[in-house]
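**Student:** The chain contents come next:
There are 2 protein chains.
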Amino acid sequence: MELNPLPGFRDFFPERAARREYLFARWRESARRFGFEPYDGPPLELTDLYRRKSGEEIVAQLYCFEDKGGRAIALRPEMTPTLARMIAAQGASLPKPIKWFSIPQLFRYERQQRGRLREHFQFNCDILGESSVEADVELTALLIETLISFGLTAEDFSVRVSDRRLLSAALEALGISGGEARGRVFAAVDKLSREPREKVRERLRESGIEEKAADDLLDLIGSRDLAQFAARFETVPEASERILLLQRFMGLIECMGLRGFVEFDPTIVRGLAYYTGIVFEAFDRKGALRAISGGGRYDDLLENLGGAPLPALGFGMGDVVLSEMLTERNLWPARLDDGPEVYLVLVSETLRPALLALGRRLRQAGFRVDYPLASSAVGKQFRAASQRATAAVVIGPDEWPRGLVKIKFLAAREEKTIHISEIETELHALRLRRAQAKPRGTS
Amino acid sequence: MELNPLPGFRDFFPERAARREYLFARWRESARRFGFEPYDGPPLELTDLYRRKSGEEIVAQLYCFEDKGGRAIALRPEMTPTLARMIAAQGASLPKPIKWFSIPQLFRYERQQRGRLREHFQFNCDILGESSVEADVELTALLIETLISFGLTAEDFSVRVSDRRLLSAALEALGISGGEARGRVFAAVDKLSREPREKVRERLRESGIEEKAADDLLDLIGSRDLAQFAARFETVPEASERILLLQRFMGLIECMGLRGFVEFDPTIVRGLAYYTGIVFEAFDRKGALRAISGGGRYDDLLENLGGAPLPALGFGMGDVVLSEMLTERNLWPARLDDGPEVYLVLVSETLRPALLALGRRLRQAGFRVDYPLASSAVGKQFRAASQRATAAVVIGPDEWPRGLVKIKFLAAREEKTIHISEIETELHALRLRRAQAKPRGTS
Numbered sequence: 061m062e063l064n065p066l067p068g069f070r071d072f073f074p075e076r077a078a079r080r081e082y083l084f085a086r087w088r089e090s091a092r093r094f095g096f097e098p099y100d101g102p103p104l105e106l107t108d109l110y111r112r113k114s115g116e117e118i119v120a121q122l123y124c125f126e127d128k129g130g131r132a133i134a135l136r137p138e139m140t141p142t143l144a145r146m147i148a149a150q151g152a153s154l155p156k157p158i159k160w161f162s163i164p165q166l167f168r169y170e171r172q173q174r175g176r177l178r179e180h181f182q183f184n185c186d187i188l189g190e191s192s193v194e195a196d197v198e199l200t201a202l203l204i205e206t207l208i209s210f211g212l213t214a215e216d217f218s219v220r221v222s223d224r225r226l227l228s229a230a231l232e233a234l235g236i237s238g239g240e241a242r243g244r245v246f247a248a249v250d251k252l253s254r255e256p257r258e259k260v261r262e263r264l265r266e267s268g269i270e271e272k273a274a275d276d277l278l279d280l281i282g283s284r285d286l287a288q289f290a291a292r293f294e295t296v297p298e299a300s301e302r303i304l305l306l307q308r309f310m311g312l313i314e315c316m317g318l319r320g321f322v323e324f325d326p327t328i329v330r331g332l333a334y335y336t337g338i339v340f341e342a343f344d345r346k347g348a349l350r351a352i353s354g355g356g357r358y359d360d361l362l363e364n365l366g367g368a369p370l371p372a373l374g375f376g377m378g379d380v381v382l383s384e385m386l387t388e389r390n391l392w393p394a395r396l397d398d399g400p401e402v403y404l405v406l407v408s409e410t411l412r413p414a415l416l417a418l419g420r421r422l423r424q425a426g427f428r429v430d431y432p433l434a435s436s437a438v439g440k441q442f443r444a445a446s447q448r449a450t451a452a453v454v455i456g457p458d459e460w461p462r463g464l465v466k467i468k469f470l471a472a473r474e475e476k477t478i479h480i481s482e483i484e485t486e487l488h489a490l491r492l493r494r495a496q497a498k499p500r501g502t503s
Numbered sequence: 061m062e063l064n065p066l067p068g069f070r071d072f073f074p075e076r077a078a079r080r081e082y083l084f085a086r087w088r089e090s091a092r093r094f095g096f097e098p099y100d101g102p103p104l105e106l107t108d109l110y111r112r113k114s115g116e117e118i119v120a121q122l123y124c125f126e127d128k129g130g131r132a133i134a135l136r137p138e139m140t141p142t143l144a145r146m147i148a149a150q151g152a153s154l155p156k157p158i159k160w161f162s163i164p165q166l167f168r169y170e171r172q173q174r175g176r177l178r179e180h181f182q183f184n185c186d187i188l189g190e191s192s193v194e195a196d197v198e199l200t201a202l203l204i205e206t207l208i209s210f211g212l213t214a215e216d217f218s219v220r221v222s223d224r225r226l227l228s229a230a231l232e233a234l235g236i237s238g239g240e241a242r243g244r245v246f247a248a249v250d251k252l253s254r255e256p257r258e259k260v261r262e263r264l265r266e267s268g269i270e271e272k273a274a275d276d277l278l279d280l281i282g283s284r285d286l287a288q289f290a291a292r293f294e295t296v297p298e299a300s301e302r303i304l305l306l307q308r309f310m311g312l313i314e315c316m317g318l319r320g321f322v323e324f325d326p327t328i329v330r331g332l333a334y335y336t337g338i339v340f341e342a343f344d345r346k347g348a349l350r351a352i353s354g355g356g357r358y359d360d361l362l363e364n365l366g367g368a369p370l371p372a373l374g375f376g377m378g379d380v381v382l383s384e385m386l387t388e389r390n391l392w393p394a395r396l397d398d399g400p401e402v403y404l405v406l407v408s409e410t411l412r413p414a415l416l417a418l419g420r421r422l423r424q425a426g427f428r429v430d431y432p433l434a435s436s437a438v439g440k441q442f443r444a445a446s447q448r449a450t451a452a453v454v455i456g457p458d459e460w461p462r463g464l465v466k467i468k469f470l471a472a473r474e475e476k477t478i479h480i481s482e483i484e485t486e487l488h489a490l491r492l493r494r495a496q497a498k499p500r501g502t503s
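Sequence lines, in order, name chains A and B. Our numbering puts the first residue of the first sequence at 61, with every later residue one more than the last. Our numbering puts the first residue of the second sequence at 61, with every later residue one more than the last.
Just chain A, with the same shape it has in the complex (with noise of 0.2 Å):
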């Protein structure tokens, strides 16, 4: 038997699935904070639906196939298709604004693709059916919060915020125009932040850019200044009306406290051709900036697709990235396998229908309890209440009789003999113990 999963596929062993629940976990309890609904589609739809989208050239990365039908089906790349596709079906009938959450397992499968991922688990967060920038401040908000819920700091992480219309507006005032030029300035400002300048001015000059312009373009988005801009482009009507947004978007980002996270950052652009204003990438500060999250505005989508027009926006946030920070950090909390609270020892098989009545109880009480399921020695139930549990309760012959069990709280080594009526009570108390214990980040 082949014992790996396939190539570029993690099995999720306990303490990886219990890492993953608690990251789901956050997202969810994040998005509900800000009144997201949930949301989910099939795993695979018609690979025309991605085609429609990005064109023929990301079939090559889809995981895709012909299913027994005939149909050519892929494993979905991203979420926003499918969105895209739901809102068309139903998205007239819905209250507006949409917001919405979801948190699929996405798949890509390049052929030369040795030793990556192939899928990984993403946040998707979108507002549909409002144009104001208030929803992009929202927007932004809930990202931000989601990752100071992990116990991320403003010194961890900066969301940098541009806007692809300012970007357009200023390219054109270069005297960088026509739609093939822009794609290409596009491109090349968005490896800023992976290339050496001189780089990045090299592919500008190959792009047909002048020397003059290109230099001053860089100067420019170099300064991430946006008052600079805004000196700059007073008198070019589209740029200026693109700066108040910004500006007023960092107004109310401040309003809600968290003017400490966002950057203006004119190199953000973001690769993909769809987004129509406001982009947003949020960093790792340290690690050599690593991209956390992404996302903007995509006021054409729906309608490019097929669907009605809607103003829409959204961000996606992966489980990769996001983990390896918080393992680097060391901000996974100590406690997060939800494991048994209490393992009941057996003394003395005789008594196992007590231990199963008892179990029942304090299961019924909502607490987490384990037991052997076989005739054991104590001392091996005690080294298996260790591993798993934070208390042991001991059935013993001796006390069982009379209405007692001993109690003992494993980390701390302390014992002691309580009436079997006061289990419960203790087993709050120590939940409540370990609650208040949980270190940052957690809650």
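Heads up, a few of these hints could be off.
Since the list gives no way to pick one copy over another, a pair counts as held whenever it fits inside one copy or between any two copies.
[What the hints assert, rightly or not] Think about it this way: if two alpha-carbon atoms lie no more than 27 Å apart in a straight line, the pair counts; the simulated DSSO-like pairs of lysine-lysine are:
| hint | residue 1 | residue 2 |
| --- | --- | --- |
| 1 | 156 | 440 |
| 2 | 113 | 251 |
| 3 | 128 | 113 |
| 4 | 156 | 466 |
If you are wondering where the hints come from, they were derived from the structure by calculation, not from laboratory data.
Using the hints, position chain B against chain A.
**Tutor:** What follows is chain B alone, placed relative to chain A:
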């Protein structure tokens, strides 16, 4: 654009997605209370893994295809083969018993399958490394307690328990021996809950079972009386041993207070060939005895698949039948959407900074908060609030400068003016009232 999902797949719009979240949360919580740990594998495996377990004929039911690397791949139709693979890879280093659960989406694709779902979600629980009947009891108890957690009672469902080895021994004693004849009899008996006795009798005759033996068999297994079995097979050691085991099983279930949920039913054989001991199915007592869940012991499977020998048992419970039952019995919680608790109504756009600051404060305190993302008439905001939230907090130009807000409890149509420092206290009280108002079967 094609608006529908692929045939046999479901879109999860928010209401359905919220129900799915509710099922998953209960499943997870039930498993955790029994000390089970989460695991998961990839949604795709080599087709060969399923062929090894179920033979070549399974391929006709698989959602299978060839990937870009030329591998024969299948979307997982069940979780056990993945579990067996993972245990074969790392099981030797894990403390026993292994108690694992998972909630995979499963897939199948038969060509002649119009109108049937091609995917569903399934709660899977397995115990590995424990051969004692206490493990069978524990797993059955988890199945029962899971259904109880949804508000289902012994009037709604029963778990029918049998033993493959008891039936084999009984057949042997009735003169029906040989693996092939036994297989045909198992298949005929398996149909007893769906077909009239006469039809099954005919099938038995066609399988070469003599008239007398067929009638004997049908009388015997029709009785559902373990004592009758015991009397009949007193002198057949293998049968007596299994009857003792089943009696012990029933006794332990009784210790847990769950005897009323369990019946002995020798017609339960479970179609799958790999079961080796106690098997069980949970049935809806009303809806024409639909199977809600099923499982049993499969002690030989891991070794047969090429892993180390390890006793094992498990069950699966799908989301589709369970959801239908909860709908029919009206057991979905009245509020399962985890929607916003409070909607902030903005009377004047000049107060948006106050709204954003208050919104953040309440979200940081753990409340689910919604508010308008654009300038909007107060009446329209109240309609949105009523659709989505339990309370509205009105931020108005008269009250706010004096440190006051109006809080409206939307269902009760009550309102009062409070100091802004009291909002959290009011919302906590509201949360408590909501929690206490939940219907049976929810916590």
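**Student:** Please list, smallest to largest, the hint numbers that this structure does not respect.
**Tutor:** Checked against the structure, no hint fails, so every one of them is satisfied.
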